[in-house]
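J.: Could you build all of it, start to finish, from the sequences and the hints given here?
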Amino acid sequence: MSGHPCNFQQKVTRSVYEEALREGACRECRVTQAELLTKGRRLEVCGEEFAYDLETGERVLVPVPLCPACHAKAHLDGRGHHLPCQISARFNRETGLLLDP
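If you count the sequence shown from 1, position 64 lands on 64 in our numbering, and the numbers rise without skipping.
Quick caveat, the hints were computed from the structure, so don't treat them as lab data.
Take the hints with a grain of salt, since some may be wrong.
Derived SDA-like pairs: lysine to any residue, alpha-carbon spacing no greater than 20 angstroms straight-line [unchecked claim]: (1) LYS11 - VAL60; (2) LYS39 - CYS70; (3) LYS73 - ARG14.
Between beta-carbon pairs, the in silico distance windows are [unchecked claim]: (4) TYR52 - ASN7: 23 to 29 angstroms; (5) THR38 - ARG79: 33 to 39 angstroms; (6) ARG79 - LEU21: 17 to 23 angstroms; (7) LYS11 - VAL60: 14 to 20 angstroms; (8) ASN7 - LEU54: 27 to 33 angstroms; (9) GLU23 - ARG79: 18 to 24 angstroms; (10) LEU54 - LEU21: 18 to 24 angstroms; (11) CYS29 - ALA51: 15 to 21 angstroms; (12) PHE50 - ASN7: 28 to 34 angstroms.
Beta carbons: idealized from backbone N, C-alpha and C, even for Gly.
T.: As structure tokens, this is what we get:
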């Protein structure tokens, strides 16, 4: 992420990163990992969101893959200033609310 450290990037495990890459595209703009690699970039993981496992019905945390541009935008506040991610924040896809773990 261009010049600004991301707290989640520093804590993400290899298995979580690989799980996010299985999606193969940025969650926001849908640019693919292959397209990014041709430009010397790669998908980044910033946070996790709650989703439901269709087989078990249980809530699971799913890592969010973002391209570097969308990742940088995700870290901006309403005034356009950099806002570090909160590792403890969890996004609920169904309600759009941040939840405490």
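J.: All hints are to be evaluated individually against the structure, with a verdict given for each.
T.: To see whether the hints hold, each was checked on the structure:
1. LYS11 - VAL60: Answer holds: LYS11 to VAL60 is near 19 angstroms, not above 20 angstroms.
2. LYS39 - CYS70: holds (16 angstroms)
3. LYS73 - ARG14: Distance of about 24 angstroms is beyond 20 angstroms: violated.
4. TYR52 - ASN7: 23 to 29 angstroms: holds (26 angstroms)
5. THR38 - ARG79: 33 to 39 angstroms: holds (34 angstroms)
6. ARG79 - LEU21: 17 to 23 angstroms: Violated, since ARG79 and LEU21 (Cβ atoms, about 32 angstroms apart) do not stay within the stated range.
7. LYS11 - VAL60: 14 to 20 angstroms: The hint (14 to 20 angstroms, Cβ to Cβ) holds, given that LYS11 and VAL60 are roughly 19 angstroms apart.
8. ASN7 - LEU54: 27 to 33 angstroms: holds (31 angstroms)
9. GLU23 - ARG79: 18 to 24 angstroms: violated (31 angstroms)
10. LEU54 - LEU21: 18 to 24 angstroms: holds (21 angstroms)
11. CYS29 - ALA51: 15 to 21 angstroms: holds (20 angstroms)
12. PHE50 - ASN7: 28 to 34 angstroms: Since PHE50 and ASN7 have Cβ atoms about 19 angstroms apart, the given range 28 to 34 angstroms is violated.
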